[in-house]
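K.L.:
In order, the protein sequences belong to chains A and B.
Going by the working numbering, the final residue of the first sequence carries number 165, and the count climbs one at a time with no gaps.
Going by the working numbering, the final residue of the second sequence carries number 489, and the count climbs one at a time with no gaps.
Any given hint could turn out to be false.
What the hints assert, rightly or not - Subject to a maximum C-alpha distance of 16 Å in a straight line, what follows is the list of computed EDC-like cross-link-like pairs (lysine to aspartate or glutamate):
#: 1; chain 1: B; residue 1: 460; chain 2: A; residue 2: 144
#: 2; chain 1: B; residue 1: 460; chain 2: A; residue 2: 9
#: 3; chain 1: A; residue 1: 52; chain 2: A; residue 2: 38
Stated by the list, open to error - Per label pair, the in silico range of CB-to-CB distance:
#: 4; chain 1: B; residue 1: 158; chain 2: A; residue 2: 52; range: 29 to 35 Å
#: 5; chain 1: B; residue 1: 158; chain 2: A; residue 2: 24; range: 41 to 47 Å
#: 6; chain 1: B; residue 1: 323; chain 2: A; residue 2: 157; range: 56 to 62 Å
#: 7; chain 1: B; residue 1: 294; chain 2: A; residue 2: 160; range: 39 to 45 Å
#: 8; chain 1: B; residue 1: 333; chain 2: A; residue 2: 109; range: 48 to 54 Å
#: 9; chain 1: B; residue 1: 169; chain 2: A; residue 2: 123; range: 49 to 55 Å
#: 10; chain 1: B; residue 1: 410; chain 2: A; residue 2: 78; range: 41 to 47 Å
#: 11; chain 1: B; residue 1: 69; chain 2: A; residue 2: 88; range: 42 to 48 Å
Rather than coming from a laboratory, the hints here were simulated on the basis of the structure.
Even for Gly, the Cβ is constructed at its ideal location relative to N, Cα and C.
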Amino acid sequence: MGIVAAFRELDATVDAIEDLKQQHVADITVYTPTPRHELEEAVHPPPSPVRKFTLVGGLAGVCFGYWIAIWTADYWPLVVGGKAVATWIPFTIIGFEVMVLIGALSTVAGMFINSRVPKITMTVGYDPRFSHGDYGIWVPVPPDRARAVEETLRRHGAVEVRYER
Amino acid sequence: MATIAPPGRPSADLAPRPNVAAANLQLPGVRDYEQVDREIASTLQPSAGWFGALGVAILLFLWGAGAWVYQIYWGLGNAGYAPPVMWGVYIITFVFWVGIGHAGTLISAILYLFRAGFRTTIYRCAEAMTVFAVMTAGLFPIIHIGRPWKFFWLIPYPNWRLIWPNFKSPLVWDVFAISTYLTVSATFLYVGLVPDIAVLRDRATNPVRKRILGVLSLGWRNSEREWRHFARMYLFLAAFSTPLVLSVHSVVSFDFAMALTPGWHATIFPPYFVAGAIFSGIGMVFTIIIPIRKFFRLQHYVTINHLDAAAKLCLTTSLVVGCAYLIEFWVAWYSANNFEQEYFWNRVFGQWWWAAWIMLTCNMILPLSLFSQKLRRNPGWLFILSIFINLGMWFERFVIIVPSLSHEFEPWQWGPYLPSWVDISILVGSFGWFFMWFLLFIKQLPVIAIAEVKEIVPPKLRAPHPHADAIDTSGRHQEFEPDTPGEFA
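Chain A with its partners taken away, still in its complex shape (with noise of 0.2 Å):
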C-alpha cells in the first residue's frame, strides 16, 4: 500500500520530501514535469551509474571495430607495395566508429535498466498530470504510518493525496 500526492507548486513539493525525510520515511518517489535542481538537492539521489555503461560499450565497441578490420585484414590479405596488411590509421576510422555506435547504445540501454523502462504496465502511484504540471510524490507505507505521512503531505500543500495499493 501507498499514498501518492499531487502539489501544484514547486516549494511545496520540496518542504514535503524535506520534512518526510527528517521521519525516516524511505523509498521517496518523486514525479515532476521537467527536472530541476531544487528537487534533486531534496531527494539527494546517489550518482547515476549509467556512465559505467558508457565505458564498458565504448571500450568493447573500439575492440570490436579494431578487431573486425585485422582479422579481416590477416583473412584477406591484400599485399601492396610491401606495406603493412593490418594498418592501424585507417582502422582507427573502424574503431572510433563502431566505439560511438556500441558506446552510444549501450548508455540508452544503461539509461533503460536503471530507469526501469520500458514498463509494460503503468504501475500504481501516477497520475497523468505529473506529465502536465504538477508535481507528485508516491509513498509506499504500513498502514500504522500511513495517517502520518497523509497529514505531512496534506500539512505541505498537497492538493490531493490519495491511497493505492
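Given the coordinates of chain A, assemble chain B onto it according to the supplied hints.
P.N.:
The following block gives chain B in isolation, referenced to the frame of chain A:
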C-alpha cells in the same frame, strides 16, 4: 530580450536594440507548464495547408522514385555519366544531404554541451532534420552503384563467398560512418522524444492513439529516478555525437582526399567539409524553422533572439567556409603544381566559372549581410538567405566533384558533363522524400521539446522566488531565474 507577447501572437521584436549576448534566452511570452503543453500539442492538429504541402512532397517523391525505376530498368547509362565524369549528381547530392544533417547534431549535441540556451526551441526540428537528411543521403550511394540490390556487399558479414570488404577503402569507411551516424542520430532523437510522448499520452483522449503513444513512451512516468538517468544518458549521447559529427563529414571528405585527382588531394578537406556541412545545415534549419514558427504561431517560443543567435552561427561558419575557399586557391598557387593551378583557374574562370560563382556568391558574399543586426533579426531575409545557402552548398559539391573529374592531368582526360532528366528527377525526388518524412513528423510528434522548454519556464511557487530581482543581459528585470537547459547532466 524578446518582448512579452500574449500566447499565439508574434512578438513585435524587430526594433533595433543593443547587440546583447543571446546565449541564455528566456521565454517571457510563456507563462507556465500548462501553456507549453497546450500550445505545442496544438501544433499536431492537421490543417489544409499541411495536407497540401504533404501532397506536393509525395508527388515530388513519386516523380523521383519513377525516375529511379526507369534507371534501374534501362541502366545507369541514363544517369548522365560520360567519361571522364563518372561521379555526378548522385554523389553531389549524397554529400549535400549528409551535410544538411550536420547542423542538427551541432544544435542538439554540441550546443547542448556548450549550454547555449537558444538551441532549446529549435533543436527538435534540427534533430529530426538530421535523421531524415541522413536517410535521404543514404539512398544516393545505393542509387549511384546502379545495381542497388547488391549494396549489402559493402557490409561485413560471414558469407558463403568468404569475401570481406576492404577496410582500407574510404567507401567502406563511409558505410560505417553513415550507418553509425544514422543510428546514433535516430536514437538521440527518439530518447529525447520519450518524455514528450508521455505528455501526449497523458493528454490523449482517443484510446487507440493513447495506446500507441503509451508504447512509444515506454511507460515513462516523469519520476526523479527516470530524469536523473535520462539527463546522464543525454549528456553522454551528446558527448558521443560531437566527435561523431566531426568524423562523419571528415570520412566523406576522404572519398575525395584519398584520390590523386587535382583539387581533391588536399589535407584541408576534412575541416573544409565539416565547416561546409554545418553551414549548409544551418541554412536548412532556417528554411524549416522560419515557416514552422510562422504557421504554427510559435514566435514566442522561437523568438527573434533565437534566430539572431543562430544567424551569428551561420555567419561564423560562412566565414570559415569562405576562408577554406581562399586557402584552396592559395595552396594551389603556393604549391607551384601546374595541374593544381590549372584546375583552380579552370574552376573560376574556365569551363565551370558559372557554378563556381554561384557557390562563391551564395556561400561567401550573401551571408556577409548577417553582419547587420537588422537583417539577422529579419525572418523574411533569413528565409531568403537560407534558400541561397542551400543552392550555394549544392553547387559547392558540384564544383568540388565535376570540375576535378572533367579536367584531370592530360587533355585527353578533359570532357563535358551534363546531368540527364533522370539525375534531376531523382534530385528533386530526394527533396520530396525528405519533406514528406518531415511533414509527417511534425504532425505526429512535438516540433519543440516540451520538457526542455519547461526547464526555462518559471515553476509555480508558494513563496516569492529568492531570485525575483534577477536582471537579464538587456537590463530588464526578470521574474524568475531559469535553469539552463541541460544543466542537470
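K.L.:
Check whether the Cα positions of residue 52/A and residue 38/A lie no farther apart than 16 Å.
P.N.:
Answer violated: residue 52/A to residue 38/A is near 26 Å, above 16 Å.
K.L.:
Taking 41 to 47 Å as the hint, is the beta-carbon distance of residue 410/B and residue 78/A inside that range?
P.N.:
At 28 Å between Cβs, range violated.
K.L.:
Just to be sure I understand the hint, the distance between the Cβ atoms of residue 294/B and residue 160/A should be within 39 to 45 Å; is that true here?
P.N.:
holds, 40 Å
K.L.:
A range of 49 to 55 Å was offered for this pair. Does it hold for the Cβ distance of residue 169/B and residue 123/A?
P.N.:
About 51 Å separates the Cβ atoms of residue 169/B and residue 123/A, which means 49 to 55 Å holds.
K.L.:
Regarding residue 158/B and residue 52/A, is the given constraint of 29 to 35 Å on their beta-carbon distance met?
P.N.:
holds, 31 Å
K.L.:
For residue 333/B and residue 109/A, compare the CB-CB distance with the range 48 to 54 Å and indicate the outcome.
P.N.:
holds, 53 Å
K.L.:
At the C-beta level, are residue 158/B and residue 24/A separated by a distance inside 41 to 47 Å?
P.N.:
Since the Cβ atoms of residue 158/B and residue 24/A sit about 58 Å apart, the hinted range of 41 to 47 Å is violated.
K.L.:
When you check the alpha-carbon spacing of residue 460/B and residue 144/A, does it fall within 16 Å?
P.N.:
With Cα atoms ~33 Å apart, residue 460/B and residue 144/A exceed 16 Å; violated.
K.L.:
When you take the CB atoms of residue 69/B and residue 88/A, is the distance between them in 42 to 48 Å?
P.N.:
For residue 69/B and residue 88/A the Cβ distance comes to about 44 Å; the hint holds.
K.L.:
Starting from residue 460/B, check that the Cα of residue 9/A is at most 16 Å away, please.
P.N.:
This hinted pair holds, its Cα atoms lying about 5 Å apart.
K.L.:
Measuring from beta carbon to beta carbon, are residue 323/B and residue 157/A in 56 to 62 Å?
P.N.:
holds, 59 Å
Against the hints set out earlier in the document, violations occur for numbers 1, 3, 5, 10.
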